[in-house]
Amino acid sequence: MALRGYAWLVVALSIPAFVWLVPTIWMVSLSFQPNEVLARTTSSTALGLVPVPFTAQNYADLFAFGQTPWWFMNSVIVALGMTLGVLAVSTTAGYALARLDFPYKGPIAVLCLIGLMVPEQAVFIPLYTMFADFGWHNSYHALILPRMAVPIGVFLMMQFFRAIPKDIEEAARLDGVGWLQIFWYVMLPLARPAMMTLAILTFLYAWNDYLWPLVSAQQREYFTITLGLASIQSNFAQSEGLGRVMASGVIASLPVVLLFLIFQRYVVQAMTAGGSKG
Amino acid sequence: MRHVLIGAAAAATLATGVAAQETEVTLGRFFGACEDAGSDTKASVGEACIIQSIINAASEEIDGVTVNTLPTDWGNYYDQIKAAYAGGTPPDVHVMHRHRVPEFAGLGALADLSGDLGAAGIDPSDWSDNALAAVSYESGIYGVPMDFHANLWHVNMDLMEEAGLVENGRPVLPSSPEELLDHARMVKEATGQDYLAADFAQFPIGVRVVLALMWQQGDNIFTEDGTATVNTEAGKRAVETIIQLFDAGYANPQLNYADSQQAFLNGEAAVLVNGTWVVDFYAAEAAKEETGLDTYYVADFPTLFEQGATWADSHMWAIPSTLKANDPAKYEAALKVLAFINDHNVDWARTGHMSVRNSVVNSDEYRNLPHRSEYADTAAIARDTPPSERYGAIQDVLNRELQAIWLTDKPVEAALQDAEFEVQDLLDR
Amino acid sequence: MVNAHRKRPSLGQVQAAWVLMLPFLAVYGLFLVYPFFRGIWISLHDWNLLAVAFNPEAKEFVGVDNYVRVMWGRNIVWGPLASPVLQAAGIFGLGLAILLRRMNQVSRSTAIAIGLAALLLLVLPGFHPGEGGRWYDRRFWPTVGNTLVFVALTVPGVTITALILAAALARETRAMAVLRTLFFLSQVLSVTVVTLIWQIMFSPRQGLIANVTQLFGGTPINWLTDEQFAMAAIVIATIWWSLGIAMILFLAGLQDISKDLYEAAALDHATGARAFWHITLPNLQRTITLVIILQIILHFQVFGQSHLMTQGGPNDETQVLVRYIYQTAFRDSELGRASAMAVFLFVIMGAFSTLQFLAGREKD
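Protein chains in written order, with the numbering used here: chain H, 1 to 278; chain X, 279 to 707; chain C, 708 to 1071.
Wrong hints could be hidden among the right ones.
In silico negatives: residues of chain X with every beta carbon more than 10 Å from chain C [what the hints assert, rightly or not]:
{"no.": "1", "residue": "Leu385"}
{"no.": "2", "residue": "Thr469"}
{"no.": "3", "residue": "Thr505"}
{"no.": "4", "residue": "Ala561"}
{"no.": "5", "residue": "Val639"}
{"no.": "6", "residue": "Asp642"}
{"no.": "7", "residue": "Glu700"}
{"no.": "8", "residue": "Asp706"}
If you want the footprint, here are the derived chain X segments under chain C, 3+ residues with CB under 8 Å [to be verified]:
{"no.": "9", "stretch": "354–361"}
{"no.": "10", "stretch": "679–687"}
Simulated from the structure, these hints should not be mistaken for laboratory data.
The beta carbon of each residue, even a glycine, is placed where N, CA and C say it ideally should be.
Starting from the given sequences, assemble the full structure and let the hints guide the process.
Dropping the structure here:
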């Protein structure tokens, strides 16, 4: 391909790429402008895309007042907890379904995977009543447990383990190694790439989840940052504290953006794997 | 060094000892967030900051009690309170509107406070009759009233002056739908600005304007025996009074709460229909140089038909019945918080809300609050729809149908008919 | 899988298997299977959330009454001309499906899918209230309709944009990788960040779009409360948000197309747009189908954009099914009705998930 043609292509595509970025740039820029200025106008410089007048006060306020840091911490706890939980149940069940023989394996496998069809909206109401009956709402386990039941993780790990050649296990069995040890010492290390992929997928999901935390976490101490951000989006906040609300949005997005930039490869794999389950 | 350590240990013990005796009371409220409210209840401005300063002061001044506020935005408040009750973790103290009392008290969700008010230092006989009625349900008292709030006619006197609608320092208000249109035309022609602004697109403020106009004709949206009467002559005339302004371009129905407020403050509308809760906020804004609004007046909602009426409601504080039943120590602490709020009624009234205590209403401090005399008659014309367990749902139906009329050109007859069907369904359940 | 010649699995294996399966099965049974059936059970009751919280006896078994109250009405009749545009489209779609299959232009499952959709278009809009009749729940079917409109606008928008971008950015160079990252970035944001950004973007007072409009001397549109623009607003925000996954899937699909095909085409002077049309598209069939179905499933569940940006308004124009379920359950406290709607949603989602499963297994 002619180099000049290619260069033109890059330039031509950079324009829509920039346009695509504009909303995000705008959010970041507004977060660095003072609230009083924003209450009057949002297009101070370059339509508001450049943060002049500049202030870091909004971020300082975020950490001094309000509960944004608390919510951030909740999100971290919930996301990490859910990731660990999903990894734990998915690698174990995934390996068992892929490699081990046991009675009724066929029907159980079907039973597990049929859950892929059930969207979270079909079960969030009964889940709500269940957790309410036990008084478990407004807690970390309420936020972590339900998602662990979604079989996408099992499916992914099952596919992965199926693809591993059997000789490794056979060799280990000949040496008299027990199945559980094989799983722990042999299979898991091999599964690291798939586990990374699943971990990223789960972490992203947990971080960005809105419906279930909305329903389950009634007390503000247990809001995740996604939920907390929604709660301050009301009109009053917008007209008076626009800069601070935007700063909250930036803080809410930083971890997942960083995660994405660092682990791009795995994120791509996660999307591909999750998308083409068939 | 040893002295420092011993001192620190002693201080720590003392602190934990004191902390161990502190009862934490969780408090749910709307009104917006105000993080730097402080605890000077005389210096705060605006609903959010005044209430938060009172709460912070309560937390500091009441011995052995700390208050943990759980603010929520107004739109979702009842969803979250209901979910909190359903989940078994309602806040120990929470604010409510009087119109929700039948729903919550009817379910047994609220604690009956009648026997315990005296011990906590709350005097029900100081409350006005209406206030007492607001918190009573079937011979029990289910809350401590905090205010009456009503819809007012907030006026930009400079624009009205330009249009020739000011007399003796007071704005000339319309006394019929025809005059309303006339005045609107005068303002538009003289100043180029809209006559009226209000939130017709989001919260039920537009609904309440229509309701007020229905009451002014002696009608209501349903009768005492549970028959919906939305699609009536009075209803139609009430709606048409408003949409004549939209059709002529003297008001914009697409503005939501924040936008309509901003328009008024920028001087882009002569009148804003909003409640008592923003009087001190607008007064403070008007005093600022950079705000378009300069001369601010607060008028009663005008009477356009036979009798005066304006929508009004009441805020009150309630305690969940489960708290009274299960945790007497916290129940007592909660009552102390309510007593504190009751004692600071005059500070809350600074927002613009009307006080519920006779002693406060008759005090000089109250009478001298800015703009108070301008809307003194509002208390007399305050009205609401008949009580119902389904008040919230009914209000939602009306909001949807009326917004359909002025935002999507749904025919008035069809919208009122649909509203009547749905309200009837709700009343029948 | 019982084969007489096969050695019985050793006891150690079965025990190990149960140890490994148990954690997942426990969580799965408790938090997915049981709630699923309980949801159906709830939908058969008149169940007020608050009332039952205070008095567990307050719920009442009503059988399918909730379904009737939500989806049916009084004196509902069916007519082939009730909704002429939609029903004509349905008949047209049926014909198209048969024709395309005859001409072997599409696979069997695609033809079935189109046929099914067309049949639904023909049958469903035909129901309408007869003389003196009315729907019991005036808002349910329009809400379903709004959700369908949202899907019908968003899915093609995302798919086409993603396809073009993927094709343009498929080269393995630094610059292309950076560009890909830039386009993908919006996908990792949560729905509340996206709605926050776009609420302000669309604001007639403070929005970037309003600022630009005013720069050119126009009057800003009130996107989120204008009946003509509210749906467009949430569709635009969603397309901006959801580009990433589709683009990634297309890129993966593009990688699978052998370079030899392009080289052979280049010999015939078929490059650029023509190569795209004649080689890329046909070979991406399976991926395109998968992406479309995935997007349909994803966007049918839309909630945040409607809840936070437009609050379902104006006048229910952007009210979507999941939000209606949420409000029925937690605002109106009607758990039974909400569960009935959730079952309805599950049926639709299940159908599409099955389609996705079948499409994924199909050989080209």
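Consistency of the hints with the structure:
Leu385 of chain X, annotated as away from the interface, has a beta carbon of chain C within 10 Å; the closest lies near 5 Å. Distance to chain C confirms Thr469 of chain X as a non-interface residue, since its nearest Cβ pair spans about 18 Å, more than 10 Å. Annotated as non-interface, Thr505 of chain X keeps its C-beta farther than 10 Å from every C-beta of chain C; the closest such distance is 18 Å. For Ala561 of chain X, the requirement that its beta carbon stay farther than 10 Å from each beta carbon of chain C is met, with the minimum near 23 Å.
With a least beta-carbon separation of about 35 Å from chain C, Val639 of chain X lies farther than 10 Å from that chain, consistent with its non-interface assignment. For Asp642 of chain X, the condition that its CB be more than 10 Å from all CB atoms of chain C holds, with the nearest at approximately 41 Å. At roughly 7 Å, the least C-beta separation between Glu700 of chain X and chain C is not larger than 10 Å, which violates its mark as non-interface. Once the 10 Å rule is applied to beta carbons, Asp706 of chain X is consistent with being away from chain C; the minimum gap is 12 Å.
Look at the stretch 354–361 of chain X against chain C: 4 of its residues bring a Cβ nearer than 8 Å to a Cβ of that chain, three or more, so the hint holds. Coverage of a stretch by a chain is defined here by at least three residues with a beta carbon nearer than 8 Å to that chain's beta carbons; for the stretch 679–687 of chain X and chain C the count is 4, and the condition holds.
Hints 1, 7 from the list above are not met by this structure, while the remaining hints are.
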